[in-house]
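Participant: Residues per chain, in single letters:
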Amino acid sequence: MKKDGVKLFVDGKRLDGRELDELRPIKMEVGVLKRADGSAYLEWGENKIIAACYGPREVHPRHMEEADKAIVRVRYNMAPFSVPDRKRPGPDRRSHEISKVTKEALESVVLTHLYPKTVVDVFIEVLQANAGTRCAGITAAALAMADAGIPMRDLISSCAAGKIEGKVAVDMMGAEDNFGDADLPLAISPQKKEVTLLQMDGNFTRKEFEEAFNMAMKGCLDVYEIQKQALLKKYEV
Amino acid sequence: MLGVIADIKKDYIKKLLEEGKRLDGRGLDDYRPIEIKKDLYATAEGSALVSLGSTQVAVGVKMILGEPYSDMPNRGVLTTSAELGPLASPTFESGPPRPPAIELARVVDRGIRESGSIDTEKLCIVEGEQVWIVFLDIHVLDYDGNLFDASTLACISALLDAKMPKVEDGKAIYGERSGSLPIVDTPISTTYAKLGSAIAVDPHLEEEQVLDARLTITTTKKGEICAMQKGEGGAFTAEEVLNTIDRGIEKAKELRKLL
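Respectively, the protein sequence lines represent chains D and Z.
For what it's worth, the numbering used here labels the leading residue of the first sequence as 448, then goes sequentially.
For what it's worth, the numbering used here labels the leading residue of the second sequence as 2, then goes sequentially.
This is chain D alone, in the form it adopts within the complex (with noise of 0.2 angstroms):
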């Protein structure tokens, strides 16, 4: 979408008041819902997400089965009530390519080979979305899946940068998503720093990209420390 006399900065601080490096205020909490094996419920900005995770468990339908591990399902969806227009309830294009992509972002780092012939499902639902909810979907993701046991070698932590007014910044909100100039989700393996999810639209040269890139991967670096948190903040006593 391009803009016609949107602005994006004011008095030279975005349109929350941030820095062109500052996240969003972002609160998670892991262990929220009784029937899945685990779950967790993020906020992120206006973003409001909850995942759950379910299994290892038989894989329905048996097809789809591996003989020699586990596999990853993920869902994505988005509630019709999650955005300004009322949004068509089930999966649309948007929704099976980001479900797919954090399917392969999360299964990076599971532990499949323990498990054959069984799935792990995750289910994200967006309850309130405001741009990121890819990025806040698959953080909260790998917090349900570490809450549910699931055997892995990391966490996986998603931030995203972009460019609006043609400056690099990170963690874009939805009018500097929907008026800017570029978006790079990311998603790492922190331990590692090794990129796991990785989508890129709009224009970037070769040196705004890699300014973008490590300010996302600081963002994801950042997303990691208050995933822990919150999972140590369950077993407190």
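Everything labelled a hint here was simulated from the structure, so no lab data went into it.
All of these numbers come straight from a predicted model, not from anything done at the bench.
One or more of the hints may lead you astray.
[Stated by the list, open to error] Derived lysine-lysine pairs resembling DSBU-like cross-links, with alpha carbons at most 35 angstroms apart:
| no. | chain 1 | residue 1 | chain 2 | residue 2 |
| --- | --- | --- | --- | --- |
| 1 | Z | Lys39 | Z | Lys164 |
| 2 | D | Lys481 | D | Lys654 |
| 3 | D | Lys516 | Z | Lys22 |
| 4 | Z | Lys172 | D | Lys654 |
| 5 | D | Lys564 | D | Lys680 |
| 6 | D | Lys454 | Z | Lys11 |
| 7 | Z | Lys223 | D | Lys547 |
| 8 | Z | Lys38 | D | Lys547 |
| 9 | Z | Lys39 | Z | Lys172 |
| 10 | D | Lys654 | D | Lys460 |
| 11 | D | Lys564 | D | Lys675 |
| 12 | Z | Lys10 | D | Lys654 |
| 13 | D | Lys654 | D | Lys516 |
| 14 | D | Lys547 | Z | Lys172 |
| 15 | D | Lys640 | Z | Lys10 |
| 16 | D | Lys654 | Z | Lys222 |
| 17 | D | Lys654 | Z | Lys254 |
| 18 | Z | Lys222 | D | Lys640 |
| 19 | Z | Lys123 | Z | Lys10 |
| 20 | D | Lys665 | D | Lys681 |
| 21 | D | Lys665 | D | Lys680 |
| 22 | Z | Lys10 | D | Lys665 |
| 23 | D | Lys516 | Z | Lys223 |
Got chain D; can you put chain Z on it based on the hints?
Facilitator: This is chain Z only, laid out in the frame that chain D set:
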């Protein structure tokens, strides 16, 4: 969707790649032979058939008059879809598009859209009421790996080939043409497969079956990045991402000469 491959073959492909070699004798930065044919299907406004080694992708452009989106009343609309039908591979099934086909269409679409390839303002007939809707339909005919790059090449070739139907009294006259589509940029996608410590461009089917992760980089004429997509369950280090981008930017310049 890819079918199975023996572990022993995976180990062999990986060993080769890590020595800088490939099953079909290419180097890590070599594409398979590319052939682009245009203007093949007269019923389409534009068309192209691209072969990338044995991979073959046909793309048709259809244009119909319709309403613009309310937030972009003076711009034409681009819609991209992909079909991975059972004709193209024993592992494809008929039915509604599954995630691999959706991902393919959306990654190709992003490259074209975000590069500003089509000057969509020139597709406006009456602001807020009538614009051209451009349908890009990707039909995979033969699947031997790297559908992303073959499809992007085929789409941009078909767009370059397209002739706009004439408009009279708000109706399209498909028998008469009024010039080419306003194409102002030619995005090129380059896709890399990572296996072990090696990263190679243009994976063929067997490499795609065993790769750890894939990275697609779409660049504009100016050498800027307009779309990227990482895929599959493996991971890239930051250094690998940046190096692969540099390779992709250079490679795209070569491919663009084929258009």
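Participant: Check each numbered hint against the structure and report the violated ones by number, ascending.
Facilitator: Numbers 2, 4, 6, 12, 13, 14, 19, 22 and 23 - these are the hints that the structure violates, sorted from lowest upward.
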